[in-house]
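Residues -21 to -1, 1 to 159 in mature numbering (1 follows the signal peptide of the UniProt record, and there is no 0) are what the sequence shown lists, from first letter to last.
Bear in mind the hints are in silico, worked out from the structure with no lab data behind them. For glycine and all other residues, C-beta sits at the position ideal for the given N, C-alpha and C. Treat the hints with care, since some could be wrong.
Cβ-Cβ distance ranges computed for the label pairs, FRET-style [unchecked claim]:
| id | residue 1 | residue 2 | range |
| --- | --- | --- | --- |
| 1 | Asp91 | Asp39 | 34 to 42 angstroms |
| 2 | Pro65 | Ala149 | 18 to 26 angstroms |
| 3 | Ser23 | Ser83 | 20 to 28 angstroms |
| 4 | Ala149 | Gly57 | 17 to 25 angstroms |
| 5 | Ala124 | Ala149 | 31 to 39 angstroms |
| 6 | Glu100 | Ile135 | 18 to 26 angstroms |
| 7 | Leu157 | Ser86 | 18 to 26 angstroms |
Calculated cross-link-like contacts (lysine-lysine; reagent style DSS-like; alpha-carbon spacing at most 30 angstroms) [stated by the list, open to error]:
| id | residue 1 | residue 2 |
| --- | --- | --- |
| 8 | Lys61 | Lys81 |
| 9 | Lys54 | Lys76 |
| 10 | Lys96 | Lys81 |
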Amino acid sequence: MAKAQLFAALLVLGLIACTSASPALMEQVKELNEQGLERRDVASGACITTLYVMGFSSNDLNANAAESAHMIEMKVNGVVRKGRLPNLPGDDFQRAKGDLWKISVASFGFTDTCIRKSEIEQITLEQGSNDGWHIDSIVTFVGTANGQTELATMDINTFQWIDGDGATDARRFVLTLLLN
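Model the full structure from these sequences, guided by the hints.
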């Protein structure tokens, strides 16, 4: 996924405004719509079943990272659980490229079978090894079984390293939560 696709998804979801979009961008919007990622706000009482993570690596020379080393952490009602970003087909975490992960909330191991958006207190990206990843932008969405999808976090043009082997490198990146 290119950075244009990330912004196309945000455009589709009505999260950014665009008065004139190029035909190529609109084609990417159409493609993302066909994949089923469209905005339908999650009702306050609906159970969250899916976490979508859209991440874009920077163009920095060492921006790419080893596959499946990264974890996503959710804090729900004071309880913290971690899940691994699944290994995608092909090369994920590549320099100047983006990826879209779809993660079942049940895989985090929360005992509550129904997590509501209002119960999500924090979403954090965590490095699982010493192979760093230089993140340009990262956006997460929550989804329900009936297809409702809502923006959960958004950090655009952040240029944040997550890494475990440098004195100034952060192993964790707390994402900017937007849910009510």
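Starting from the range 18 to 26 angstroms, see whether the pair proline 65 and alanine 149 falls in it by beta-carbon distance. holds, 23 angstroms
Would you say the C-beta atoms of leucine 157 and serine 86 sit inside 18 to 26 angstroms of each other? Holds: the Cβ-Cβ distance is about 23 angstroms, inside 18 to 26 angstroms.
Alanine 124 versus alanine 149 beta-carbon gap, inside 31 to 39 angstroms or not: About 34 angstroms separates the Cβ atoms of alanine 124 and alanine 149, which means 31 to 39 angstroms holds.
Holds or violated: 18 to 26 angstroms for the Cβ distance of glutamate 100 and isoleucine 135? Holds - the Cβ-Cβ distance for glutamate 100 and isoleucine 135, about 22 angstroms, lies within 18 to 26 angstroms.
Please verify whether lysine 61 and lysine 81 have alpha carbons no more than 30 angstroms apart. Between lysine 61 and lysine 81 the Cα gap is close to 14 angstroms, so the pair holds against 30 angstroms.
Taking 30 angstroms as the top limit, are the C-alpha atoms of lysine 54 and lysine 76 close enough? Within the cut-off at roughly 28 angstroms; holds.
State, for the Cβ atoms of serine 23 and serine 83, whether the hinted interval 20 to 28 angstroms holds or is violated. holds, 21 angstroms
Distance restraint hint 17 to 25 angstroms, applied to the beta-carbon atoms of alanine 149 and glycine 57: holds, 23 angstroms
Run the distance test for lysine 96 versus lysine 81: straight-line Cα separation, threshold 30 angstroms. holds, 17 angstroms
Check the following: the C-beta atoms of aspartate 91 and aspartate 39 are separated by a distance inside 34 to 42 angstroms. Holds: the Cβ-Cβ distance is about 39 angstroms, inside 34 to 42 angstroms.
In this structure, none of the earlier numbered hints is contradicted; all agree with it.
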